[in-house]
Amino acid sequence: MTVRFRRMGRQYESDPDARAKRLNRESLHTFGRLLGYVRPYRNQMIFSIILLLVSTLLGLVLPLVVQNLVDVVLIDKNQTRLNQLAIGLFVVFIVQALFSFGHRLSLAYVGEKVIAQIRVQIYTHLQSLSLKYFADHRTGEVVSRLTNDVSQLQTAVTDNLVALLRQAVTLVGAAVLLFFLNWRLTLIILTGIPIISLTMVALGRQIRKAAKAVQDALAQSANVVEETVSGIRIVKSFVREAHEIGRFSARVNEVYEAAMWRAKIGAVLGPIIGFMAFASITITLWFGSFEVIEGRLSAGGLVAYLVYTLMVATPIASLAGLYAQFQSALGATERLFELLDTPADIANRPNATELPPVTGRVEFEAVDFDYTTAVSILKQVSFVAEPGQVVALVGPSGAGKSTLVNLIPRFYDVG
114 MTVRFRRMGR QYESDPDARA KRLNRESLHT FGRLLGYVRP YRNQMIFSII
164 LLLVSTLLGL VLPLVVQNLV DVVLIDKNQT RLNQLAIGLF VVFIVQALFS
214 FGHRLSLAYV GEKVIAQIRV QIYTHLQSLS LKYFADHRTG EVVSRLTNDV
264 SQLQTAVTDN LVALLRQAVT LVGAAVLLFF LNWRLTLIIL TGIPIISLTM
314 VALGRQIRKA AKAVQDALAQ SANVVEETVS GIRIVKSFVR EAHEIGRFSA
364 RVNEVYEAAM WRAKIGAVLG PIIGFMAFAS ITITLWFGSF EVIEGRLSAG
414 GLVAYLVYTL MVATPIASLA GLYAQFQSAL GATERLFELL DTPADIANRP
464 NATELPPVTG RVEFEAVDFD YTTAVSILKQ VSFVAEPGQV VALVGPSGAG
514 KSTLVNLIPR FYDVG
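Residue numbers for the sequence shown follow this note's numbering, beginning at 114 and rising by one.
Note that these hints are calculated values from the structure, not bench results.
Even for Gly, the Cβ is constructed at its ideal location relative to N, Cα and C.
There may be inaccurate statements among the hints.
To be verified - Subject to a maximum C-alpha distance of 25 Å in a straight line, what follows is the list of computed BS3-like cross-link-like pairs (lysine-lysine): (1) K322 / K377; (2) K226 / K190; (3) K514 / K245; (4) K245 / K492.
As the list claims (entries may be wrong) - Restraint ranges, calculated between C-beta atoms of paired labels, are given here: (5) A210 / L244: 22 to 30 Å; (6) W296 / S241: 58 to 66 Å; (7) A315 / V405: 21 to 29 Å; (8) S515 / E354: 26 to 34 Å; (9) E225 / K514: 44 to 52 Å.
Using the sequences plus the hints, can you model the full thing?
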């Protein structure tokens, strides 16, 4: 049974399973929409991935060279073979550096293009929204989405995406080579992968929620700054500096609490993943030594296996941090898509006639208007203002004079 209730405009669920499923659906939907922005650059992405694969595979050559160094060069004292290995390894690393440069540059190009497109799309959509949206949402909140949220997404799409792809390919490539070196030892080590995966998924959901809370709190603090700066004359005239400092301090404290919530989850995730990853190194040394004693693995093979284990453990440990950062970016992306999904209140009807040349005549005929269904601002208002005629709107504050004037340029729609 799922119980839903609302608090401060948000919906909460008491059923953890239902909440987890909903968060998974939202994450997949958000990620799918984000991939839609990458689709026009799929050729560049394919090219970048090819460069990444070549660069990573070249990096995986090092442990095999180490194995050859131990089993052939050191035992046989073959100096010629040593020189060949050193020169070959030097050439491999030069080629790897060139491919890595191309991969990073091409992926950064795609990421920056996507971010630029999202920025323009959000700004364009803001221009289509009516005055009602800007009356309901403070300026600081809108600016925060265009700055803080986009910056959070930019870091994930550019820097973190490069690191994530590189670590993932290294992890898979090293794991495959581990099987070829000694499948018994590899099966033992890989038993910890499901535990690591479940931990990352469970804590990743919490990180995304915490990251969204941080972005919301930042938006609120930006609201306070915008209001204070725009009304600085009033603040100083009424000696309200201390009051405004208190307001801003309260909002900053909310940012701090949300950020600490996110940091605590990340602090738990990192050590858990790191422990699981580097525990595999201990297992490698212990069980691998038995394999060498039994003759199923050479000394050079054990050294190579240990290096490959490090190549697996290091990405797993860093993937925890990258995963946390991507969850934070998903929280910011959801806020951006919420803005993009906000429908425009004012839209032309199908087959609407084009406005003829304006002569200056303004006519209201039995116009009713309200901002909400609860209170009517204008009721059956009718008047005509001829060209050149001066018409005075008289009434107390809140009678609807400004509202009536705002209807003329269609800042609000009468339906």
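Structure-based check of each hint:
1. K322 / K377: Roughly 13 Å between the alpha carbons, so the hint for K322 and K377 holds.
2. K226 / K190: 54 Å, violated
3. K514 / K245: Between K514 and K245 the Cα gap is close to 17 Å, so the pair holds against 25 Å.
4. K245 / K492: 19 Å, holds
5. A210 / L244: 22 to 30 Å: Because 55 Å falls outside the window, the suggested range is violated.
6. W296 / S241: 58 to 66 Å: 59 Å, holds
7. A315 / V405: 21 to 29 Å: 38 Å, violated
8. S515 / E354: 26 to 34 Å: 30 Å, holds
9. E225 / K514: 44 to 52 Å: 48 Å, holds
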